[in-house]
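Colleague: Chains C and X, in that order, give the protein sequences. For the first sequence, the numbering used here begins at 1 and goes up steadily by one. For the second sequence, the numbering used here begins at 1 and goes up steadily by one.
Everything labelled a hint here was simulated from the structure, so no lab data went into it. Warning: the hint list may mix true and false statements.
Heads up, simulated DMTMM-like pairs for lysine to aspartate or glutamate below, C-alpha to C-alpha not over 20 angstroms straight-line [what the hints assert, rightly or not]:
#1 X:Lys65 <-> C:Asp341
#2 X:Lys217 <-> X:Glu133
#3 X:Lys325 <-> X:Asp221
#4 C:Lys184 <-> C:Glu129
#5 C:Lys184 <-> C:Glu133
#6 C:Lys65 <-> X:Asp112
#7 X:Lys412 <-> C:Glu272
#8 X:Lys66 <-> C:Glu129
#9 X:Lys412 <-> X:Asp341
#10 X:Lys284 <-> X:Glu272
#11 C:Lys66 <-> X:Asp341
#12 C:Lys325 <-> C:Asp341
#13 X:Lys65 <-> C:Asp112
#14 X:Lys184 <-> X:Glu133
#15 C:Lys217 <-> C:Glu272
#16 X:Lys325 <-> X:Glu272
#17 X:Lys66 <-> C:Glu133
#18 C:Lys412 <-> X:Glu272
#19 C:Lys66 <-> X:Glu133
#20 C:Lys4 <-> C:Glu45
#21 C:Lys4 <-> C:Asp221
#22 X:Lys184 <-> X:Glu129
#23 X:Lys4 <-> X:Asp334
#24 C:Lys4 <-> C:Asp334
#25 C:Lys2 <-> C:Asp341
#26 C:Lys65 <-> X:Glu133
#27 C:Lys412 <-> C:Asp341
#28 C:Lys325 <-> C:Asp221
#29 C:Lys284 <-> C:Glu272
#30 X:Lys412 <-> X:Glu386
There are 2 protein chains.
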Amino acid sequence: MKFKQIAGGLIDRRYFLKKSLIFSVAASIPAYLTAQTPLELERTEWMSEPGLGFSNYGQPSPFEKKTIRWTMANSHAPGNGVSWTPLQDLEGIITPSGLHFERHHNGVPQIDPTAHRLMIHGLVNNPVEFSIENLLQYPKTSQICFIECGGNSNAGWHTNPIQTPVGNFHGMVSCSEWTGIPLKLLLNEAQLQPQAQWLIAEGGDASLMNVSLPIDKATSDCFVALYQNGERIRPENGYPLRLIVPGWEGVLNVKWLQRIHIANQPTMSRNETAKYTELLPSGKAQQFSFIMAAKSIITNPSFGHQLNRFGLYQISGLAWSGRGKITRVEVSADQGQTWLDAELQTPVLPLCFTRFRIPWQWQGQAVVLCSRATDETGYIQPTRTELVAQRGRHGYFHYNAIVNWAISAQGKISHVYD
Amino acid sequence: MKFKQIAGGLIDRRYFLKKSLIFSVAASIPAYLTAQTPLELERTEWMSEPGLGFSNYGQPSPFEKKTIRWTMANSHAPGNGVSWTPLQDLEGIITPSGLHFERHHNGVPQIDPTAHRLMIHGLVNNPVEFSIENLLQYPKTSQICFIECGGNSNAGWHTNPIQTPVGNFHGMVSCSEWTGIPLKLLLNEAQLQPQAQWLIAEGGDASLMNVSLPIDKATSDCFVALYQNGERIRPENGYPLRLIVPGWEGVLNVKWLQRIHIANQPTMSRNETAKYTELLPSGKAQQFSFIMAAKSIITNPSFGHQLNRFGLYQISGLAWSGRGKITRVEVSADQGQTWLDAELQTPVLPLCFTRFRIPWQWQGQAVVLCSRATDETGYIQPTRTELVAQRGRHGYFHYNAIVNWAISAQGKISHVYD
């Protein structure tokens, strides 16, 4: 059986899976990968004495201290800034909660859950207030979904391509299993009035961060999460309550949720006027750009990695779309002239990270690797040239262009624009 | 629209989902859940000053210190024992890595990954040894799957029902997204000889824990994991390498994997002779019971919870099967006389936790709640009476009978046998 191989060394995604070809895979892997000596086990210190005891709550290995969130805080405004998920060090689709990105406006409040309340008021017949104990008794639902800051990847708007690891560039996106109460159930407790059009959600941090959300989205798939990846939400992700707005920009997923005001128009808050708005080529600003469009990034190999052997590699990356499922990720090794479909790790879930992988043969050729995602609406991730043609050069938010990694003959990786 | 309601107050699983019925849900919830005062926000301390700064690696809230692994170690054998996942405190299907259960034979080795090797030898033409750096270059795959100790729930064999929280009874099962290299790829590097029938996997802890695995399973869906829930595996779960044997008993999922010996028969190790074997009614022992059969448990409400109001509840629990997907979970409120189908949270994945939920109306009646799982092979979880009839009273491993929670008129919950 022959497998398709295209320019730059990309190979049909089924290549690794066929038993008949495994041997040729082995043969093509350099000798040092199959070194036969020594084959006696050295008795290491950890084989010579009992290990550590049981722990109530586990932590990463001390040898993995490099896998951390990179933080970037504003020294003039306490608690304002970002920490980034190190996407280049991670695999699969789940982001461990300790590495979920953070974006705070005034730091991480340490909320006592017994004192916390969620109020729903405004254009309702029955204003209500829930304690956490109340909320824990409501019906729950779970969803594995990504949250992406509207400002993620904004360095892509720079004139010159930024040279930095994937996580420091695109790491304001993470993916967790969230569990909570359908927002619709709680809104129904408050009995919305007919003129209710917008919901204004407020967090309980010192900035009282608030944003507006159309009522149609609020009553469709939004939920009020109490749990992240099985356990109660971490403080920096909104403990004890976070509004989850699947597929829409991160700022709407209000952390430390304490108030939902029902109104007939948006609130015109700082985060939907001065920030998180789009300056268009016309000079006007677009106030709302809720949905995070389809995007993909090759995380391995990527900037900061060094290719130090010839032979087979598995290219791996992440794709996601705020409009539903990813249906296709294509990979190119010649900067988009020819494309080959990557394998999508199952299950492929809507509004969730999708891991893609594809075999690639590198024999020292200079190539430009890139990926492009297509979602179930048919939307195709644009090139940077296409994105700039559409949105102009004054953008700051919602950068989702194809990302190119140029690999030199020396195996060095740099970020290049198309 | 009328919804089916059966004995003990169980209601059709779609009850919460129908918009037309939300109001009746609200109406049936006691007044204290919708208390209308006070509706002004008190200015708490966390709204009055900036919160904490950004962190490189997040931790649970200090208010959640009760959600921990309960540990049970043998004081006469350092590092021998168990820690249990607190299933009663968790939601969704992902177990956070810090709460994944532990079963160690000689403690948790602190392995330096640069010194660790994986050797494959025995009935092979090309004995091989891999460093972690080598392995990281191989093609990877991901799977969300459960690992369950063969000894999980063994207190079910006691003459009297144990009165303890779900996690301390059934918590030797957890579910993570694991990412690693298909074992078949690595075995092919070693070139198995025709008489290769068994694989003997050894861990790098001080007990050099080893077990035998049939080659057919090893070359089907097993993989050598480097990542758990996105990040590198935690030390207590096998850092830097763990063998994943989806759906089969936990002891086969060898942690700190350092050696795979290929043989034509099992090794007759301690953990497949003195332990992890089944004493049958005939007095003979069954050496191998690899597959973990279908099982389900109601985690909420369960022992340790106290019902303190009348009205609607959502019953929630977990089901899983080592034979594939869960196709059905039924719940009974009259100890198995009548059953109603629970809702299965999507996605339902093979060899993975499945979260089930069902509405239940409690008006102070004494009931016995229980759940039973069916998997895609048609296997139905047995009652304890059926299990004992089949396996006798000398069992220790593979206890998967239906678990009954008796709820008194006072809302107190106890564990009862059928």
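Colleague: Each hint: holds or not?
Modeller: Now for the hints, and whether the structure bears them out:
{"no.": "1", "hint": "X:Lys65 <-> C:Asp341", "in the structure": "violated, 46 angstroms"}
{"no.": "2", "hint": "X:Lys217 <-> X:Glu133", "in the structure": "violated, 26 angstroms"}
{"no.": "3", "hint": "X:Lys325 <-> X:Asp221", "in the structure": "holds, 15 angstroms"}
{"no.": "4", "hint": "C:Lys184 <-> C:Glu129", "in the structure": "holds, 15 angstroms"}
{"no.": "5", "hint": "C:Lys184 <-> C:Glu133", "in the structure": "holds, 19 angstroms"}
{"no.": "6", "hint": "C:Lys65 <-> X:Asp112", "in the structure": "holds, 13 angstroms"}
{"no.": "7", "hint": "X:Lys412 <-> C:Glu272", "in the structure": "violated, 49 angstroms"}
{"no.": "8", "hint": "X:Lys66 <-> C:Glu129", "in the structure": "violated, 26 angstroms"}
{"no.": "9", "hint": "X:Lys412 <-> X:Asp341", "in the structure": "violated, 25 angstroms"}
{"no.": "10", "hint": "X:Lys284 <-> X:Glu272", "in the structure": "holds, 14 angstroms"}
{"no.": "11", "hint": "C:Lys66 <-> X:Asp341", "in the structure": "violated, 47 angstroms"}
{"no.": "12", "hint": "C:Lys325 <-> C:Asp341", "in the structure": "holds, 16 angstroms"}
{"no.": "13", "hint": "X:Lys65 <-> C:Asp112", "in the structure": "holds, 13 angstroms"}
{"no.": "14", "hint": "X:Lys184 <-> X:Glu133", "in the structure": "holds, 19 angstroms"}
{"no.": "15", "hint": "C:Lys217 <-> C:Glu272", "in the structure": "holds, 17 angstroms"}
{"no.": "16", "hint": "X:Lys325 <-> X:Glu272", "in the structure": "violated, 27 angstroms"}
{"no.": "17", "hint": "X:Lys66 <-> C:Glu133", "in the structure": "holds, 16 angstroms"}
{"no.": "18", "hint": "C:Lys412 <-> X:Glu272", "in the structure": "violated, 49 angstroms"}
{"no.": "19", "hint": "C:Lys66 <-> X:Glu133", "in the structure": "holds, 16 angstroms"}
{"no.": "20", "hint": "C:Lys4 <-> C:Glu45", "in the structure": "violated, 48 angstroms"}
{"no.": "21", "hint": "C:Lys4 <-> C:Asp221", "in the structure": "violated, 41 angstroms"}
{"no.": "22", "hint": "X:Lys184 <-> X:Glu129", "in the structure": "holds, 15 angstroms"}
{"no.": "23", "hint": "X:Lys4 <-> X:Asp334", "in the structure": "holds, 16 angstroms"}
{"no.": "24", "hint": "C:Lys4 <-> C:Asp334", "in the structure": "holds, 16 angstroms"}
{"no.": "25", "hint": "C:Lys2 <-> C:Asp341", "in the structure": "holds, 16 angstroms"}
{"no.": "26", "hint": "C:Lys65 <-> X:Glu133", "in the structure": "holds, 17 angstroms"}
{"no.": "27", "hint": "C:Lys412 <-> C:Asp341", "in the structure": "violated, 25 angstroms"}
{"no.": "28", "hint": "C:Lys325 <-> C:Asp221", "in the structure": "holds, 15 angstroms"}
{"no.": "29", "hint": "C:Lys284 <-> C:Glu272", "in the structure": "holds, 14 angstroms"}
{"no.": "30", "hint": "X:Lys412 <-> X:Glu386", "in the structure": "violated, 27 angstroms"}
This entry does not satisfy hints 1, 2, 7, 8, 9, 11, 16, 18, 20, 21, 27 and 30, going by the numbered hints stated previously.
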